[in-house]
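Based on the provided sequences and hints, a complete structural model is requested.
If you're matching them up, the sequences are chains A and B in order.
For what it's worth, our numbering labels the leading residue of the first sequence as 1, then goes sequentially.
For what it's worth, our numbering labels the leading residue of the second sequence as 1, then goes sequentially.
Warning: the hint list may mix true and false statements.
No copy labels: a pair is met if it fits in one copy or bridges any two.
As the list claims (entries may be wrong) - Below, computed lysine-lysine pairings styled on DSBU-like, alpha-carbon distance capped at 30 angstroms:
1. 75 with 313
2. 83 with 198
3. 209 with 75
4. 75 with 198
5. 209 with 181
Since the hints were derived computationally from the structure, they do not count as laboratory data.
The primary structure of each chain is shown beneath.
Protein chains: 2
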Amino acid sequence: MNQRPVTIAFDVMGGDHGPLEIVRGAAQLTLDTPHIHALLVGDRAQIDLALSQVRHHAERVAVHHAPDFVAMHEKPNAALDAKPQASVLVAAQLVREGEADAMVSAGHTGAGVLACARTFTLIPGVRRAALATVYPTAVGRGAKNDPFSLILDVGATVDASADDLVAFAVMGSAYARIISKNENPTVALLSNGTESQKGPARVVEANLKLQSLPGLRFIGNVEGVDIPKGTADVVVCDGFVGNVCLKMLEGVSETVMELAKYAYKEKLLWRAGLAMLSSGIERIKEVTDWEQYGGAPILGFDRLFIKAHGRSKARAISNAGKVAARAVSNDLANAIQALLPRA
Amino acid sequence: MNQRPVTIAFDVMGGDHGPLEIVRGAAQLTLDTPHIHALLVGDRAQIDLALSQVRHHAERVAVHHAPDFVAMHEKPNAALDAKPQASVLVAAQLVREGEADAMVSAGHTGAGVLACARTFTLIPGVRRAALATVYPTAVGRGAKNDPFSLILDVGATVDASADDLVAFAVMGSAYARIISKNENPTVALLSNGTESQKGPARVVEANLKLQSLPGLRFIGNVEGVDIPKGTADVVVCDGFVGNVCLKMLEGVSETVMELAKYAYKEKLLWRAGLAMLSSGIERIKEVTDWEQYGGAPILGFDRLFIKAHGRSKARAISNAGKVAARAVSNDLANAIQALLPRA
Chain A
1 MNQRPVTIAF
11 DVMGGDHGPL
21 EIVRGAAQLT
31 LDTPHIHALL
41 VGDRAQIDLA
51 LSQVRHHAER
61 VAVHHAPDFV
71 AMHEKPNAAL
81 DAKPQASVLV
91 AAQLVREGEA
101 DAMVSAGHTG
111 AGVLACARTF
121 TLIPGVRRAA
131 LATVYPTAVG
141 RGAKNDPFSL
151 ILDVGATVDA
161 SADDLVAFAV
171 MGSAYARIIS
181 KNENPTVALL
191 SNGTESQKGP
201 ARVVEANLKL
211 QSLPGLRFIG
221 NVEGVDIPKG
231 TADVVVCDGF
241 VGNVCLKMLE
251 GVSETVMELA
261 KYAYKEKLLW
271 RAGLAMLSSG
281 IERIKEVTDW
291 EQYGGAPILG
301 FDRLFIKAHG
311 RSKARAISNA
321 GKVAARAVSN
331 DLANAIQALL
341 PRA
Chain B
1 MNQRPVTIAF
11 DVMGGDHGPL
21 EIVRGAAQLT
31 LDTPHIHALL
41 VGDRAQIDLA
51 LSQVRHHAER
61 VAVHHAPDFV
71 AMHEKPNAAL
81 DAKPQASVLV
91 AAQLVREGEA
101 DAMVSAGHTG
111 AGVLACARTF
121 TLIPGVRRAA
131 LATVYPTAVG
141 RGAKNDPFSL
151 ILDVGATVDA
161 SADDLVAFAV
171 MGSAYARIIS
181 KNENPTVALL
191 SNGTESQKGP
201 ARVVEANLKL
211 QSLPGLRFIG
221 NVEGVDIPKG
231 TADVVVCDGF
241 VGNVCLKMLE
251 GVSETVMELA
261 KYAYKEKLLW
271 RAGLAMLSSG
281 IERIKEVTDW
291 EQYGGAPILG
301 FDRLFIKAHG
311 RSKARAISNA
321 GKVAARAVSN
331 DLANAIQALL
341 PRA
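Have a look at this one:
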């Protein structure tokens, strides 16, 4: 059975490894998955050069020239104002105009969120967007087979109201259902206690609203300790708290190992154990590099933007493209809207 | 040179190991440190029984009977209302009345914070109290010799204003200066970016105020990744964010090791390494058990309350008593007041 074709716009500029890795990932996707078309957006000369070096399915690859891009050190607002032809903005416009169905970028996160805000339309009932990411959790806890959870928002909306948190819960649930093929993902609010009256007023109010929202498997509040444990499939918080948590996760595995070395440097047996683990430690860092897993979706808009990590290589870009295509094929925006509370 | 005597009230009830461990820790302190006196507060029969089993300096130990206590599962407000003779409340009253100079408890944290709020007086210029804890950080970064940082608030004040965050910064700086003998501790605000304009309005405003506050070594904003790294000696945030972070730290080392086992279970070399490390892993859990290190001070009141972990054994209780005595001897409350912004 043929799937309906899906076109993904790839912003090829702004990643740490330059356009070649993005083009390589998109090209591979056109070879692997016949229903996915790639629209490459960025400097045409660099894209053509890259395409000349990699196998790809020529009929399923198109190029759109964008002469500019936002560099990692730039301020998003000023950069997008100054560069209307920036690749991330052009890609978003192509998606809005229907030239592509969703987009992937490994460039500047803030510029990506802002390009969405300036170009896409919020889903009716959603007031603020959220950036979501998957992260690895402890295995063998509860009925979960999947060692990954989704957390949102991790930085798009720094001040979230109760209604925003409810919308984030809905967005996360719909996304997890489609992407991880988890029919009925558990959703929890992050708070400073599991009791429903714990937390700031916005969290307490969101808890109350989520308790009575049909179609969502809300399991109440979880605490910080439940993030690495993986108690919930979807963890909901505002972008300030989520960003702090995520960056802590990023740094913490490295630090634990350094602490271990420090604390036990005099114990020869432990030293030997650590030495034997050293290549494993490098791999732990990869496993805990959440952004490698299909990237971070910006949720809440009528169109989907998958933000791949700046360090993404071809495989990560391919994965991000696959995830974007699956979201499009399963009509993520409508799935979110159907779950939102009636106004 | 003799130090001025300091009396520490020990709430002996409510810890996970019962009164014996608390009494044992306090008793040891009277043997080790001649200037510290212990006032044991709780069920007299149990205290007398415990004292009969442990060596102690009888002239430096006193007992005050309190027939009731707050159990871990109780709601703090209701419990303190129903139990005016609860040990934690009686101990706080004895401190207020000058029978003791500071107090230590291994009981219910919320009840401890509330007992302070009901009994002590906020330092002029402080509007909200904060619970602070030390936690272990990566070693060898920056000029720090100490592998521990202080983070506050971790749960006393869920909604903190900009002025509250400024007061927390002052309280943390004064405490770190006295307890860790760090003459000029660095202080940072936790945010979702290092730039001073990053974060919710309260954080941005606090950053501005701290920049112009004399007597404080404010280094600006830090991110989540800087918590385990130990970039700052004192990390300042509201009690909601701090509580989530702290509980994440608590769970994460365990989880990283479980993940490692999962990810590499097929690699024999890694397995062997992990097996060799297994006793080390147990010790990592201890090292990352922040509350073992002198306990968590409740800061902002004219009197000091050190909340030891519920699991505290005698050694941890002794340490908490020592820390409390050092804070008293160095007049923590005045040190805080001297650093606060002029109203």
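Each hint tested on the structure:
For the homomeric pair residue 75 and residue 313, the shortest alpha-carbon distance inside one copy (25 angstroms) is at most 30 angstroms, but the shortest distance between copies (52 angstroms) is not. Taking the closest pair of Cα atoms, residue 83 and residue 198 come within 30 angstroms of each other only across two copies (23 angstroms); inside a single copy the shortest separation is 45 angstroms, beyond that limit. Only between protomers do residue 209 and residue 75 lie at most 30 angstroms apart by alpha-carbon distance; the minimum there is 24 angstroms, versus 36 angstroms within a single protomer. When the C-alpha separation of residue 75 and residue 198 is checked against a cutoff of 30 angstroms, the pair qualifies only between copies, where the shortest distance is 12 angstroms, while the shortest distance within a copy is 36 angstroms.
In this assembly of identical chains, the alpha carbons of residue 209 and residue 181 lie at most 30 angstroms apart only when taken from the same copy (26 angstroms versus 48 angstroms across copies).
Checked against the numbered hints given earlier, this structure breaks none of them.
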